[in-house]
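Peer 1: Read off the chains here:
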Amino acid sequence: QVQLMQSGAEVKKPGASVIVSCKASGYSFTNYYMHWVRQAPGQGPEWMGVISPTSGIRNYAPKFQGRLIMTTDTSTSTVYMDLRSLRDDDTAVYYCTRGGEITCVGDGCPQSDFWGQGTLVTVSS
Amino acid sequence: EVVLTQSPVTLSLSPGERATLSCRASQSVDTYLAWFQQRPGQAPRLLIYDVSHRATGIPPRFSGSGSGTDFTLTISNLEPEDSAVYYCQQRKNWPRTFGQGTKVEIK
Chain C
1 QVQLMQSGAE VKKPGASVIV SCKASGYSFT NYYMHWVRQA PGQGPEWMGV ISPTSGIRNY
61 APKFQGRLIM TTDTSTSTVY MDLRSLRDDD TAVYYCTRGG EITCVGDGCP QSDFWGQGTL
121 VTVSS
Chain A
1 EVVLTQSPVT LSLSPGERAT LSCRASQSVD TYLAWFQQRP GQAPRLLIYD VSHRATGIPP
61 RFSGSGSGTD FTLTISNLEP EDSAVYYCQQ RKNWPRTFGQ GTKVEIK
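First to last, the protein sequences are chains C and A.
For the first sequence, this note's numbering gives the first residue as 1, with consecutive numbering after it.
For the second sequence, this note's numbering gives the first residue as 1, with consecutive numbering after it.
Quick caveat, the hints were computed from the structure, so don't treat them as lab data.
Positions of the beta carbon are idealized from the N, C-alpha and C atoms, including for glycine.
Worth double-checking, as some hints may not be accurate.
Claimed, not checked - Pairwise CB distance ranges, derived in the manner of DEER restraints:
(1) C:E101 x A:T72: 25 to 31 Å
(2) A:R18 x C:V2: 28 to 34 Å
(3) A:G41 x C:R67: 27 to 33 Å
(4) C:R58 x A:G16: 43 to 49 Å
(5) C:N59 x A:E79: 34 to 40 Å
(6) C:R84 x A:T20: 28 to 34 Å
(7) A:G16 x C:P14: 27 to 33 Å
Please work from the sequences and hints to get the whole structure.
Peer 2: So this is what it looks like as structure tokens:
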């Protein structure tokens, strides 16, 4: 069965960096994109970016450009989300979610059908 | 970026009734619109992708329709377990965006 297992909760000070990992299992890791989505307390989800595990091609939301880095390790089927220069308003639950199959184009391609359990990142001085 | 506006903010209905949720996009997203359900303390759960395709394991009580800028999620024969917040998301344009959500309460 498909599983996305994320690393544990983190507490960081403003200005620091955080790395959250997401280990995939139960499917062919290199065949699917991986997205990161975060959700601040009481707010809706916010899409952060996507990475292709094969090509390494990334697409980040403009608001995170310059302080977000996504990487993959195909040997361990793990995706990493590195967010730098943390601010108080980065406090949120961070989720990885499996994107569409890389070879599936157009209409009819399921996206975000599996999610990690979420990682709470608290930014506080 | 594409702004998705959901209405109503809250919907309060009784078991067995039908819920109709709306999602309006600030520009056309063709048919690249998904719906998610989120219960408290849980990750979002994919219900519908690309307007009308039900995700694996989702009962036929959940259906989606629309195209371009106006979309609807219909939940027929409401059950107590349907109490949740429902979000729409578009994948036509970068960055992908979510609506602000509709909370469905079961009386």
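Peer 1: Taking 25 to 31 Å as the stated bounds, is the beta-carbon spacing between C:E101 and A:T72 within them?
Peer 2: holds, 27 Å
Peer 1: Is 34 to 40 Å right for how far apart the beta carbons of C:N59 and A:E79 are?
Peer 2: holds, 38 Å
Peer 1: Hint says 28 to 34 Å; check whether the CB-CB distance for C:R84 and A:T20 agrees.
Peer 2: Since the Cβ atoms of C:R84 and A:T20 sit about 43 Å apart, the hinted range of 28 to 34 Å is violated.
Peer 1: Honestly, do A:G16 and C:P14 meet the 27 to 33 Å range at C-beta?
Peer 2: Cβ of A:G16 to Cβ of C:P14: about 50 Å, so the range 27 to 33 Å is violated.
Peer 1: So does C:R58 sit 43 to 49 Å from A:G16, Cβ to Cβ?
Peer 2: The hinted range 43 to 49 Å holds for C:R58 and A:G16, with Cβ atoms some 46 Å apart.
Peer 1: Taking 27 to 33 Å as the hint, is the beta-carbon distance of A:G41 and C:R67 inside that range?
Peer 2: Between A:G41 and C:R67, where Cβ atoms are some 28 Å apart, the hint holds.
Peer 1: Using the Cβ atoms, figure out if A:R18 sits within 28 to 34 Å of C:V2.
Peer 2: holds, 32 Å
When each numbered hint is compared with the structure, violations occur for hints 6, 7.
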